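K.L.:
Which chain is which? The protein sequence lines are A and B, in order. Letter by letter, the first sequence follows residues 15 to 389 in the numbering used here. Letter by letter, the second sequence follows residues 160 to 584 in the numbering used here.
Be aware that a few hints might be false.
[What the hints assert, rightly or not] Label-pair distances were calculated between CB atoms; the ranges are:
no., chain 1, residue 1, chain 2, residue 2, range
1, B, P532, A, V182, 32 to 40 angstroms
2, A, T333, B, G422, 41 to 49 angstroms
3, A, F221, B, G422, 31 to 39 angstroms
4, A, R118, B, L559, 28 to 36 angstroms
5, B, P532, A, F221, 48 to 56 angstroms
No lab work stands behind these hints, which were simulated from the structure alone. Quick caveat: nothing in here was measured; it's all calculated off a predicted structure. Ideal Cβ positions, reconstructed from N, Cα and C, are used throughout, including at glycine.
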Amino acid sequence: MSLIFRKLARNNPRNIITDAQLLVISCRKLSIVPSIYDGEDPAPKFFSSNVQVLLKRLTRPDFNKVFRKRTNQGLVVLKTPTYKFLTNEELEEEIAKANERADRLLQMPPVVKIQQHIEDVLSKDPALVGYDTAKYIFTDITFGVANEHRFIVERDPDGYLRSCDHDVRKRLNQVYFPLLGRKLREPVMFTDLEKFNSLLDREQYEFVLDRACVQYEPDEPSYQKVTSMTYQHIDNKSKYELLRSTRHFGPLVFYLTWHQTMDKLMLELLQSGAVREAVLLTALRQDIHGDVANGDVARTLAQQILPTPVQLTKPEILTEEDIQLDSKCLECIEKYIVSNSSMKSQQELALQGFREYYQQLVDLSRGLQKAHGKQ
Amino acid sequence: MSTKILTLGNILSRPINFLLKQNNVTSNLKTNFSTTPVACVNFFNKLPAEKLWKSVTSVSNAGAKKGRGRGAGRIRIRDLNRGQMIGVGRINMLWPGLSAPVIRGRELLKQQRLPDDQERLEKLIKIRDSMTKFRRLKLSPIERGWSGTKMPGRSLGPPDPIGEDEFVGFDTKVLQLRSLLIMKGNLGRTRNFQAMVVTGNGQGLAGFGFGKAKEAPAALRKAKNRSGQKLMHFEIYNGHTIYHDFYTAFGKTKIFVQKKNEGYGLVCHRAIKEICQAIGIKDLRAKVEGSNNLQHIVKAFFIGLLQQRTHQQLAEEKKLHLVEYKAENEYFPKVVASPSEVRTKDQIQKNETLDFTQYVMNDKVILKKKKFPRFYETMPHYKIYLKKYEKFRNHEKIRLNLKVEYGEVKSFLNDKYPEKAESEA
Numbered sequence: 015m016s017l018i019f020r021k022l023a024r025n026n027p028r029n030i031i032t033d034a035q036l037l038v039i040s041c042r043k044l045s046i047v048p049s050i051y052d053g054e055d056p057a058p059k060f061f062s063s064n065v066q067v068l069l070k071r072l073t074r075p076d077f078n079k080v081f082r083k084r085t086n087q088g089l090v091v092l093k094t095p096t097y098k099f100l101t102n103e104e105l106e107e108e109i110a111k112a113n114e115r116a117d118r119l120l121q122m123p124p125v126v127k128i129q130q131h132i133e134d135v136l137s138k139d140p141a142l143v144g145y146d147t148a149k150y151i152f153t154d155i156t157f158g159v160a161n162e163h164r165f166i167v168e169r170d171p172d173g174y175l176r177s178c179d180h181d182v183r184k185r186l187n188q189v190y191f192p193l194l195g196r197k198l199r200e201p202v203m204f205t206d207l208e209k210f211n212s213l214l215d216r217e218q219y220e221f222v223l224d225r226a227c228v229q230y231e232p233d234e235p236s237y238q239k240v241t242s243m244t245y246q247h248i249d250n251k252s253k254y255e256l257l258r259s260t261r262h263f264g265p266l267v268f269y270l271t272w273h274q275t276m277d278k279l280m281l282e283l284l285q286s287g288a289v290r291e292a293v294l295l296t297a298l299r300q301d302i303h304g305d306v307a308n309g310d311v312a313r314t315l316a317q318q319i320l321p322t323p324v325q326l327t328k329p330e331i332l333t334e335e336d337i338q339l340d341s342k343c344l345e346c347i348e349k350y351i352v353s354n355s356s357m358k359s360q361q362e363l364a365l366q367g368f369r370e371y372y373q374q375l376v377d378l379s380r381g382l383q384k385a386h387g388k389q
Numbered sequence: 160m161s162t163k164i165l166t167l168g169n170i171l172s173r174p175i176n177f178l179l180k181q182n183n184v185t186s187n188l189k190t191n192f193s194t195t196p197v198a199c200v201n202f203f204n205k206l207p208a209e210k211l212w213k214s215v216t217s218v219s220n221a222g223a224k225k226g227r228g229r230g231a232g233r234i235r236i237r238d239l240n241r242g243q244m245i246g247v248g249r250i251n252m253l254w255p256g257l258s259a260p261v262i263r264g265r266e267l268l269k270q271q272r273l274p275d276d277q278e279r280l281e282k283l284i285k286i287r288d289s290m291t292k293f294r295r296l297k298l299s300p301i302e303r304g305w306s307g308t309k310m311p312g313r314s315l316g317p318p319d320p321i322g323e324d325e326f327v328g329f330d331t332k333v334l335q336l337r338s339l340l341i342m343k344g345n346l347g348r349t350r351n352f353q354a355m356v357v358t359g360n361g362q363g364l365a366g367f368g369f370g371k372a373k374e375a376p377a378a379l380r381k382a383k384n385r386s387g388q389k390l391m392h393f394e395i396y397n398g399h400t401i402y403h404d405f406y407t408a409f410g411k412t413k414i415f416v417q418k419k420n421e422g423y424g425l426v427c428h429r430a431i432k433e434i435c436q437a438i439g440i441k442d443l444r445a446k447v448e449g450s451n452n453l454q455h456i457v458k459a460f461f462i463g464l465l466q467q468r469t470h471q472q473l474a475e476e477k478k479l480h481l482v483e484y485k486a487e488n489e490y491f492p493k494v495v496a497s498p499s500e501v502r503t504k505d506q507i508q509k510n511e512t513l514d515f516t517q518y519v520m521n522d523k524v525i526l527k528k529k530k531f532p533r534f535y536e537t538m539p540h541y542k543i544y545l546k547k548y549e550k551f552r553n554h555e556k557i558r559l560n561l562k563v564e565y566g567e568v569k570s571f572l573n574d575k576y577p578e579k580a581e582s583e584a
């Protein structure tokens with residue numbers, strides 16, 4: 015980007031761009047600026063059932079990836095598999111149970127507004143001023159109280175008794191009730207920007223996001239900064255496939271849609287031929303912002319798409335209903351591109367490519383049905 | 160010039176009788192010479208070396224049968240000519256044309272005596288001694304078998320091609336090589352060699368064979384080629400293990416074989432390990448009980464492998480879905496085989512074995528012996544040890560964490576009290 019500007023500057027003597035300006039422009043284009051949810055509260059939108067359903071569907075859960083081998087569970091050798099003989103009904107029950115477990119594994123980390131400072135003076139005792147040079151902190155360690163409702167107060171040397179702020183609360187909660195994997199000090203991979211960027215460059219997105227979930231609370235500024243930088247890195251490189259079938263894909267899509275930068279994801283969906291998911295993404299934007307030209311059409315289409323099975327691979331044979339639904343989706347997307355998209359030409363090209371491919375598929379499946387003697 | 164003049168002067172100064180003495184040399188030659196022949200004959204120069212050596216090393220026929228003249232105390236024939244050259248001897252002479260070139264550079268070499276080589280005899284003795292010692296054949300660790308230079312466990316390469324059909328990718332391993340004694344009417348007790356080998360391509364094809372011959376190499380060759388003729392195909396589950404646990408027996412030998420997950424390895428008898436490697440099985444556990452007869456173990460294991468049923472066969476037999484649960488996949492029910500027609504719950508009889516392991520073991524239950532505590536665990540000192548080291552149980556983790564945090568083992572107190580850290584160091 016900066017190269018083009020430099021050329022312009024050389025060719026046109028009237029165009030005065032100093033080197034400092036150039037640097038600013040290039041930096042803004044290349045670097046990632048962390049952003050936090052500090053304006054409107056995203057929680058009501060994120061937790062609304064419509065959005066949750068859409069986000070879960072966009073995750074495109076593939077059970078082979080959801081239930082993949084993650085670790086050896088601390089064992090030197092993997093455990094021996096077990097086998098069972100099952101009837102049809104028992105198998106269905108087992109699969110239903112597995113679906114529940116998949117839901118648990120794919121439960122999305124919440125997207126909420128950033129936390130506010132706690133400034134709550136409980137009492138002011140001038141008699142205690144200068145009693146000690148140190149702060150006194152009192153923690154209620156009653157068993158069974160949730161960490162966020164735990165009673166933690168501090169007595170300052172100036173005689174004030176006040177509730178502790180979030181960082182102190184987190185530290186004390188971790189001291190008395192340690193969470194597995196959470197460290198008292200922030201891990202170096204989050205504090206050292208160089209190390210963090212090297213992780214992102216190595217595309218260890220899932221590791222970064224998983225660790226952030228363990229280390230931070232969802233309303234902490236550090237969590238939102240780390241995740242937003244990761245999401246932007248993924249978006250820049252279009253590596254959405256790495257997060258599909260994981261619990262982090264929903265928040266990623268939500269982040270992109272919330273900041274109106276989901277057009278690259280839309281392009282990827284169109285290029286991979288997932289038109290139905292593109293419609294779902296449009297419906298999501300309509301639900302969050304309500305600025306899509308044919309938003310209601312997208313919403314009704316989304317209601318039709320949701321009961322259909324998830325398309326993990328490209329379909330080989332199409333039924334008439336599929337063709338009808340897909341052609342409606344195509345129309346919807348076309349309108350979206352014309353009215354709302356910020357990457358019009360590229361998306362139109364991708365859509366055109368998909369249309370040609372789809373037409374071939376339609377001809378093939380209709381021909382096959384004819385050959386088989388079906389109407 | 161001056162030296163020449165000096166020598167001349169010397170001669171001139173000598174007395175004349177010096178010159179006279181020189182003429183008397185001829186008289187000395189006559190003294191001790193005789194021309195009569197002397198008989199210097201003993202068996203050392205009468206008999207050739209071959210016969211002399213035989214007289215030392217030979218063992219009687221009866222003795223050879225008993226194994227005399229073999230092993231560590233055996234006398235070996237030495238080649239005394241080794242390390243010797245014509246023209247080189249005890250007196251170190253230069254013989255132009257024999258032990259040296261006639262012309263070196265532009266100079267014509269002359270016959271002359273050189274200083275004696277002190278180490279010549281020592282070297283010769285060393286060479287001769289090296290022939291007497293019993294030297295064990297050294298094998299590279301890759302070629303080595305189960306034990307030393309013994310044949311069992313060693314590789315023989317693929318069986319010989321038959322016509323134009325070659326055994327590509329096959330490798331043969333020796334399982335057993337032993338000598339058998341047979342009584343014959345006219346020869347008495349004679350020795351025969353018997354070999355048992357297994358050959359396979361590591362992709363499901365394998366076979367074993369026996370060979371008998373008078374010599375060990377011939378027996379091995381026969382066994383190798385015969386095993387190539389008796390190949391069997393075995394299904395391998397996911398390219399690494401067997402389909403299910405099984406029990407197999409041959410004679411008094413019983414083998415319990417267990418299916419294992421990837422990375423477990425082959426934990427079994429060494430012969431079973433070689434067979435598995437020939438077939439291409441990578442993970443399995445086998446316990447041999449009863450007789451340790453090697454041929455029986457091999458036969459029993461092959462029979463057991465052949466009697467395996469694939470998952471599809473098991474599902475068809477039971478008319479039920481066969482579902483696999485793996486801990487590393489969070490026990491996701493993976494259907495590995497489905498029958499063409501599935502029974503309902505009412506069609507399953509009450510006394511039917513539904514447990515997979517029990518079914519594939521043909522209702523045989525393995526006796527699992529109780530594990531006793533280690534001998535020291537019941538002793539009082541072990542309790543003391545546990546109490547004493549309880550407080551150190553987390554120190555390793557803490558040290559690691561400190562290294563992560565500070566790059567060395569130190570705490571936040573080190574900055575506050577540097578003098579303490581210095582005194583400790």
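K.L.:
Could one say that the CB atoms of P532 of chain B and V182 of chain A fall in the range 32 to 40 angstroms?
P.N.:
Given a distance of about 48 angstroms, which is not inside 32 to 40 angstroms, the answer is violated.
K.L.:
Do T333 of chain A and G422 of chain B keep their Cβ atoms within the hinted range of 41 to 49 angstroms?
P.N.:
holds (45 angstroms)
K.L.:
Can you let me know if the beta-carbon spacing of R118 of chain A and L559 of chain B is within 28 to 36 angstroms?
P.N.:
holds (32 angstroms)
K.L.:
Go ahead and decide if the range 31 to 39 angstroms is satisfied by the Cβ distance of F221 of chain A to G422 of chain B.
P.N.:
violated (23 angstroms)
K.L.:
Within 48 to 56 angstroms or not, the Cβ separation of P532 of chain B and F221 of chain A?
P.N.:
Hint violated: Cβ distance 41 angstroms, outside 48 to 56 angstroms.
Violated hints, listed in ascending order, are 1, 3, 5; each of the other numbered hints is respected by the structure.
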